[in-house]
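Quick note, the sequences are listed as chains A and B, same order. Here the numbering used here runs 72 ahead of the position in the first sequence, where the first position is 1. Here the numbering used here runs 17 ahead of the position in the second sequence, where the first position is 1.
Some hints here could point you the wrong way.
DSSO-like, lysine-lysine: derived pairs with alpha carbons at most 30 angstroms apart [said to hold, decoys possible]: (1) B/K92 with A/K116; (2) A/K124 with B/K98; (3) A/K124 with A/K175; (4) A/K90 with A/K179; (5) B/K98 with A/K116; (6) A/K179 with A/K116; (7) B/K98 with A/K110; (8) A/K90 with A/K110; (9) B/K22 with A/K124; (10) A/K175 with B/K60; (11) B/K22 with A/K175; (12) B/K81 with A/K116; (13) A/K90 with B/K92; (14) A/K116 with B/K60; (15) A/K110 with B/K22; (16) A/K124 with B/K70; (17) A/K124 with B/K92; (18) A/K90 with B/K60; (19) B/K22 with B/K70.
Because the hints were derived from the structure by calculation, they are not lab data.
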Amino acid sequence: EIVLTQSPTTIAASPGEKVTITCRASSSVSYMYWYQQKSGASPKLWIYDTSKLASGVPNRFSGSGSGTSYSLTINTMETEDAATYYCQQWSSTPPWTFGGGTKLELK
Amino acid sequence: QVRLKESGPRLVQPSQTLSVTCTVSGFSVTSYHVSWVRQPPGKGLEWVGAIWKGGSTDYNSALKSRLSISRDTSKNQVFLKMNSLQTDDTGTYYCAKHSRSGYYFDYWGQGVMVTVSS
Chain A
73 EIVLTQSPTT
83 IAASPGEKVT
93 ITCRASSSVS
103 YMYWYQQKSG
113 ASPKLWIYDT
123 SKLASGVPNR
133 FSGSGSGTSY
143 SLTINTMETE
153 DAATYYCQQW
163 SSTPPWTFGG
173 GTKLELK
Chain B
18 QVRLKESGPR
28 LVQPSQTLSV
38 TCTVSGFSVT
48 SYHVSWVRQP
58 PGKGLEWVGA
68 IWKGGSTDYN
78 SALKSRLSIS
88 RDTSKNQVFL
98 KMNSLQTDDT
108 GTYYCAKHSR
118 SGYYFDYWGQ
128 GVMVTVSS
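All chains, please: the whole structure from these sequences, using the hints.
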């Protein structure tokens, strides 16, 4: 089973600040997926195939990476971006696994 | 419009069986895989199991002995059954539609919060 480790666990950012969240996989994966979850709501697909933005996701978000290291970046933090972000991988056989989550707070 | 909605009991006694139904619309469960994902209060996401579009199933190895996922294609519903519930099974249970590739989850239900307590 591939284990995903996200860092940091929690981060606080001011509006306009650049934010980067990292996801490291215990073995190489082909793609990474990211979800945004706000308090009391279900997760939403945010980034797929490592770098493609899901429908409605602002273009201040971007995804990148390869092999065992992936990242989600917010170019300029906005108040609505405060949420928890999870990475997820699929490696051709179950299980699908998630990272532990990164809580992004507004400073 | 794709929708998934979970329904089931909010309170289950320890050692009893949890039964949750996922009713989907806007797609067919014979065309896309559906997974169950759970989330303990204040914690992260855990994949529970999946039913493939062809009807076969896969389960989280840590839960496999207690799990059963099935479906009713005529009603476009997917069912989760988990027996011998313990307090650490408390959490929100989501059903999620897989993407066409199957690699990720593109739509999620609202979830059902299940508390295991006597």
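Right, here's what the structure says about each hint:
1. B/K92 with A/K116: Status holds; Cα separation ~25 angstroms.
2. A/K124 with B/K98: violated, 35 angstroms
3. A/K124 with A/K175: Given pair A/K124, A/K175 holds - Cα atoms ~21 angstroms apart, limit 30 angstroms.
4. A/K90 with A/K179: holds, 12 angstroms
5. B/K98 with A/K116: holds, 25 angstroms
6. A/K179 with A/K116: Roughly 23 angstroms separates the two Cα atoms, so the pair holds.
7. B/K98 with A/K110: holds, 27 angstroms
8. A/K90 with A/K110: holds, 20 angstroms
9. B/K22 with A/K124: Satisfied, since the Cα-Cα distance of roughly 27 angstroms is no more than 30 angstroms.
10. A/K175 with B/K60: holds, 11 angstroms
11. B/K22 with A/K175: It holds: about 26 angstroms lies between the C-alpha atoms, which stays within 30 angstroms.
12. B/K81 with A/K116: Answer holds: B/K81 to A/K116 is near 26 angstroms, not above 30 angstroms.
13. A/K90 with B/K92: Outside the cut-off at roughly 47 angstroms; violated.
14. A/K116 with B/K60: holds, 16 angstroms
15. A/K110 with B/K22: Given pair A/K110, B/K22 holds - Cα atoms ~18 angstroms apart, limit 30 angstroms.
16. A/K124 with B/K70: With Cα atoms ~25 angstroms apart, A/K124 and B/K70 stay inside 30 angstroms; holds.
17. A/K124 with B/K92: This hinted pair is violated, its Cα atoms lying about 33 angstroms apart.
18. A/K90 with B/K60: holds, 26 angstroms
19. B/K22 with B/K70: holds, 18 angstroms
In summary, the numbered hints that this structure violates are 2, 13, 17.
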